[in-house]
Amino acid sequence: MASFDQYRDRRDNRVNALSDTAFEGRDPDFDAWLGQQLQFSEPYLDNDGFCERVMEQLPAPSRRSERRAVRFQYGAVVAASTIVAWQFPFDRVWMEALQQSISLYSLVGIGVLSSLAAMTGGILAARR
Amino acid sequence: MDLNDEDLIRRIVDDGDQRAYAQLVRRYQSQLRFSLRQLCGGDQGLADDMAQEAFIKAYKALPAFRGDARFSTWLYRIAYNLVMSHKRKKAPDVDQEAVDRARAEESVEEAQQLGMARDLDSAMKELSEAQRQAVHLCMQRGFSHEEAASIMKLPLGTVKSHVNRARAKLQTLLQAWREEVVSG
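Chains as they are written, first to last, in the working numbering: chain A, 1 to 128; chain B, 1001 to 1184.
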């Protein structure tokens, strides 16, 4: 036992006696080998509910970021509605309605209602 | 699709997207928990508590994260600060039972592992704590000396010196394995 201690002391003294200049004499092969060995001996720790425990304790997202997200959704819906309205052949529908003698008021009413329904659906879908 | 850290952080800060943060937690949980286990002397329960606290603290401080350093460096800095301040407050309170239990569990696996891993483990234990941390951060985690210095809150020269001294020590202790590998 004493001989092992002596050996260890001698070895430690040898290591500690090395100057910094000697330490700077790097051996890139050894570095690469040591890095590989260190990584090889490291196990991957399974999540095992860790992430869920962290997420449960996080504070709720700020109202500001929620409002920002809602504004973004409304903006997207308005942009989509504008494109649809731009492409919709209102003049032909108008002419057709006149030919079929559909009342102007009921036509406007149907248009407004269907627009509202489409926008509500869009908002609900975007929020989901 | 896996987004990089910067994109995930942007989503968290700008949109309050907590799912993006969950991705970051999953990405770094294993590495951070493993590092903290070493730092906590093998107390797995304490290491996991510290890692959890570090992730929560990082989330709260995320709007102030300027992106000067990598997210992983910043997260490690928070975690190391937490462990160090815990150690300062409760120095003698290491759960020895938990440590022994973990070591007993590990020893079963260890028996099946290669001798190299065992000897490497013993060699790492011969290093001082600061040297071990410096080697772990620079050679195992791949942090630069500058990043390790900022995590450990030590001057750059001190970290370099720790790494160099540890490297020399390990080179001596693991010489036999090295020669075996080289000689094939």
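Everything labelled a hint here was simulated from the structure, so no lab data went into it.
In this text the structure is predicted, and so the values were computed from the model without any measurement.
Positions of the beta carbon are idealized from the N, C-alpha and C atoms, including for glycine.
Wrong hints could be hidden among the right ones.
A short, non-exhaustive set of chain B residues, derived as facing chain A with CB atoms under 8 angstroms [what the hints assert, rightly or not]: (1) Gln1018; (2) Ala1022; (3) Lys1060; (4) Ala1064; (5) Phe1065; (6) Arg1066; (7) Met1084; (8) Ser1122; (9) Ser1150.
Hints, one by one, checked against the model:
1. Gln1018: 6 angstroms, holds
2. Ala1022: 6 angstroms, holds
3. Lys1060: Check passed: Cβ of Lys1060(B) comes within 7 angstroms of chain A, closer than 8 angstroms.
4. Ala1064: Cβ of Ala1064(B) sits 14 angstroms from chain A, so the hint is violated.
5. Phe1065: 15 angstroms, violated
6. Arg1066: 19 angstroms, violated
7. Met1084: 21 angstroms, violated
8. Ser1122: 12 angstroms, violated
9. Ser1150: With a minimum Cβ separation of about 21 angstroms from chain A (threshold 8 angstroms), the hint on Ser1150(B) is violated.
The structure fails hints 4, 5, 6, 7, 8 and 9 (numbered hints given earlier, in ascending order).
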